[in-house]
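Asker: Between the sequences and the hints, there should be enough to build the whole structure, so can you do that?
Chains A and B, in that order, give the protein sequences. Be aware that the first sequence starts at 1, since it is given in this note's numbering, and climbs by one per residue. Be aware that the second sequence starts at 1001, since it is given in this note's numbering, and climbs by one per residue.
Note that these hints are calculated values from the structure, not bench results. Every value quoted in this text rests on a predicted model; they were computed, and no experiment measured them. Just to be clear, a hint being listed does not mean it is correct.
[Stated by the list, open to error] Derived SDA-like pairs (lysine to any residue); straight-line CA-CA distance at most 25 Å: (1) B:Lys1212 - B:Phe1114; (2) A:Lys80 - B:Ala1231; (3) A:Lys80 - B:Arg1089; (4) A:Lys80 - B:His1201; (5) A:Lys80 - B:Asp1155; (6) A:Lys80 - B:Met1109; (7) B:Lys1082 - B:Arg1070; (8) A:Lys80 - B:His1203; (9) B:Lys1212 - B:Ala1103; (10) A:Lys80 - B:Arg1110; (11) A:Lys80 - B:Gly1193; (12) A:Lys80 - A:Gln9; (13) A:Lys80 - B:Thr1092; (14) A:Lys80 - B:Glu1161; (15) A:Lys80 - B:Asp1194; (16) B:Lys1212 - B:Val1128; (17) A:Lys80 - B:Trp1108; (18) A:Lys80 - B:Asp1160; (19) A:Lys80 - B:Ala1221; (20) B:Lys1082 - B:Ser1044; (21) A:Lys80 - B:Ala1162; (22) A:Lys80 - B:Val1228; (23) B:Lys1212 - B:Met1109; (24) A:Lys80 - B:Ala1103; (25) A:Lys80 - B:Trp1159; (26) B:Lys1095 - B:Arg1012; (27) B:Lys1082 - B:Ala1010; (28) A:Lys80 - B:Asp1106; (29) A:Lys80 - B:Ala1190; (30) A:Lys80 - B:Leu1091; (31) B:Lys1212 - B:Gly1146; (32) A:Lys80 - B:Ser1195; (33) A:Lys80 - B:Asp1189; (34) A:Lys80 - B:Thr1202; (35) A:Lys80 - B:Ala1158; (36) B:Lys1082 - B:His1039; (37) A:Lys80 - A:Val61.
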Amino acid sequence: MTALLFVVQRASAGVLALAVVVHLATIVYAVRGGLTAGEILERTQGNVAYLAFYGVFVVAVAVHAPIGLRNVLREWLGWKGRACDGALVLFAFVLFALGLRAVTALYLA
Amino acid sequence: MLHVEVWRSADRGRFQPFAVPRRPNQTVLDVVTEIQRDHDPTLSYRFACRVGMCGSCAMVVNGRPRWTCRTRVVDAVTTDGKLRLEPLRNLTVVKDLAVDMVAFFDKWMRARGFFEPGAAIPEDFAVVRPESEERRAADEGIECIGCGICYSACDVVAWDEAYLGPAALNRAWTLVNDIRDGAQGERLDAVAGDSGCHACHTHMSCTTYCPKAIAPTYSIAGLKRAVVRRAVRRSR
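Answerer: Below you can see the structure in the form of structure tokens.
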């Protein structure tokens, strides 16, 4: 792993650590008295804070996961080089697109 | 009586059983030597000093990489009296218990694990204060004798044969802390690639098994920080 990838992976891990804690704490707090899909949508629809928080979450995932997967592919399957890196850039875009689609769907619903 | 299984031949070998008498204060190296002298003179293994100075008798004893000269049988044998002796892992086996160390030392060179005085001749002797942070950091890793035990224990070397390994990176770290050295930037570049310090997973096997109680894991952590600092400085 190069120094740049190392730093980016550690930084994204820091963001994810915080984001996952907030995400889980919110779920636990919100469902104490039961929660329907309609009530969830009520809270997320047009909520800029929700959009910003989960937007950051998605970016952190899209950055963090492919770098970790790159190490797994290198070490376990011996797949290295430009083809591997290219596939992982693609994987990052797929993660970003799917995540953003889910976040915006709840924001716009 | 000890039931000893010894690896024979090269990569496609097998374990050969030997029965060796137990003796007081017997080391594993004593056992290997007795097998060669009294049972099978074709057994190949390597040793020199017999007192833990040269590191050439390193082998895998019952699954653990160790100096056989400094390992007493009583500390390594199973409760039912079995010893399994293998060559060091992650290195090409020449024959039986002897491995080819060339790849190991080549990586020391690739990591620039040698002192470089720099182009300009210093005007005076360098003053290296014993209490300085750099000197103390170098001290912690300087006693390595290059036995290859950490290299044999390292999972990352097993996964990526290009990985420089704990010993080479530890040596590089001692030189990063040598204020006299004139190739600091080149050395950090040499250990910064995909198979350099950042590939370390901090499993700490090297630190666990090092017979000199060196902690290459911490040396590698120091290199990671130094490489990142250099990358940040360069990006400004």
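Asker: Compare the structure with each hint and give your call.
Answerer: Status of each hint after checking the structure:
1. With a CA separation close to 20 Å, the supplied pair lysine 1212 (chain B) and phenylalanine 1114 (chain B) stays within the 25 Å bound.
2. Among the hinted pairs, lysine 80 (chain A) with alanine 1231 (chain B) is consistent with the structure: their alpha-carbon atoms are about 23 Å apart, no more than 25 Å.
3. For the hint pairing lysine 80 (chain A) with arginine 1089 (chain B), the CA-to-CA distance comes to about 23 Å; that is within 25 Å, so the pair holds.
4. For the proposed pair lysine 80 (chain A) and histidine 1201 (chain B), the alpha carbon gap of about 18 Å is at most 25 Å, so the pair holds.
5. Between the alpha carbons of lysine 80 (chain A) and aspartate 1155 (chain B) the distance comes to roughly 18 Å, so the proposed pair stays at or under 25 Å and holds.
6. Restraint check for lysine 80 (chain A) and methionine 1109 (chain B): the C-alpha separation of about 23 Å stays at or below 25 Å, so the hint holds.
7. Between the alpha carbons of lysine 1082 (chain B) and arginine 1070 (chain B) the distance comes to roughly 18 Å, so the proposed pair stays at or under 25 Å and holds.
8. Note on lysine 80 (chain A) and histidine 1203 (chain B): the hinted pairing holds, with a Cα-Cα distance of about 22 Å set against a maximum of 25 Å.
9. Taking the CA atoms of lysine 1212 (chain B) and alanine 1103 (chain B), the gap is near 22 Å; set against the 25 Å cutoff, the hint holds.
10. Distance hint between lysine 80 (chain A) and arginine 1110 (chain B) is fulfilled; the C-alpha atoms sit about 20 Å from each other, no more than 25 Å.
11. Distance restraint check for lysine 80 (chain A) and glycine 1193 (chain B): the Cα-Cα separation of roughly 13 Å lies within the 25 Å cut-off, and the hinted pair is therefore satisfied.
12. Of the pairs offered as hints, the one joining lysine 80 (chain A) and glutamine 9 (chain A) holds, with about 18 Å between alpha carbons and a cut-off of 25 Å not exceeded.
13. For the hint pairing lysine 80 (chain A) with threonine 1092 (chain B), the CA-to-CA distance comes to about 23 Å; that is within 25 Å, so the pair holds.
14. For the hint pairing lysine 80 (chain A) with glutamate 1161 (chain B), the CA-to-CA distance comes to about 13 Å; that is within 25 Å, so the pair holds.
15. A threshold of 25 Å between alpha carbons decides the hint, and for lysine 80 (chain A) with aspartate 1194 (chain B) the separation of about 10 Å falls inside it, so the pair holds.
16. For a cut-off of 25 Å, the pair hint linking lysine 1212 (chain B) to valine 1128 (chain B) stands: about 24 Å separates their Cα positions.
17. Straight-line distance between C-alpha atoms of lysine 80 (chain A) and tryptophan 1108 (chain B) comes to about 23 Å, which keeps the hinted pair within the 25 Å bound.
18. At roughly 10 Å between alpha-carbon atoms, lysine 80 (chain A) and aspartate 1160 (chain B) fall within 25 Å of each other, so this suggested pair holds.
19. Restraint check for lysine 80 (chain A) and alanine 1221 (chain B): the C-alpha separation of about 24 Å stays at or below 25 Å, so the hint holds.
20. Distance hint between lysine 1082 (chain B) and serine 1044 (chain B) is fulfilled; the C-alpha atoms sit about 20 Å from each other, no more than 25 Å.
21. Distance hint between lysine 80 (chain A) and alanine 1162 (chain B) is fulfilled; the C-alpha atoms sit about 12 Å from each other, no more than 25 Å.
22. Restraint check for lysine 80 (chain A) and valine 1228 (chain B): the C-alpha separation of about 23 Å stays at or below 25 Å, so the hint holds.
23. For the given pair, lysine 1212 (chain B) sits about 22 Å from methionine 1109 (chain B) by alpha-carbon distance, which is consistent with the 25 Å threshold.
24. At most 25 Å may separate the alpha-carbon atoms for a hinted pair to count; lysine 80 (chain A) and alanine 1103 (chain B) meet this at roughly 21 Å.
25. With a CA separation close to 12 Å, the supplied pair lysine 80 (chain A) and tryptophan 1159 (chain B) stays within the 25 Å bound.
26. For the hint linking lysine 1095 (chain B) to arginine 1012 (chain B), the alpha-carbon distance of about 10 Å falls within 25 Å, and the restraint holds.
27. For the given pair, lysine 1082 (chain B) sits about 22 Å from alanine 1010 (chain B) by alpha-carbon distance, which is consistent with the 25 Å threshold.
28. Proximity of lysine 80 (chain A) to aspartate 1106 (chain B) is assessed by CA-CA distance (about 22 Å); at most 25 Å being required, the pair is judged to hold.
29. As the CA atoms of lysine 80 (chain A) and alanine 1190 (chain B) are separated by approximately 19 Å, the hinted pair is consistent with the 25 Å bound.
30. The straight-line distance between the Cα atoms of lysine 80 (chain A) and leucine 1091 (chain B) is roughly 22 Å, inside the 25 Å bound, and the hint therefore holds.
31. The straight-line distance between the Cα atoms of lysine 1212 (chain B) and glycine 1146 (chain B) is roughly 10 Å, inside the 25 Å bound, and the hint therefore holds.
32. Straight-line distance between C-alpha atoms of lysine 80 (chain A) and serine 1195 (chain B) comes to about 11 Å, which keeps the hinted pair within the 25 Å bound.
33. Among the hinted pairs, lysine 80 (chain A) with aspartate 1189 (chain B) is consistent with the structure: their alpha-carbon atoms are about 20 Å apart, no more than 25 Å.
34. Simply put, lysine 80 (chain A) and threonine 1202 (chain B) have alpha-carbon atoms about 22 Å apart, close enough for the 25 Å limit, and the pair holds.
35. Simply put, lysine 80 (chain A) and alanine 1158 (chain B) have alpha-carbon atoms about 16 Å apart, close enough for the 25 Å limit, and the pair holds.
36. Among the hinted pairs, lysine 1082 (chain B) with histidine 1039 (chain B) is consistent with the structure: their alpha-carbon atoms are about 17 Å apart, no more than 25 Å.
37. Between lysine 80 (chain A) and valine 61 (chain A), the direct Cα distance comes to roughly 22 Å. Compliance with the 25 Å bound is thereby established for this hinted pair.
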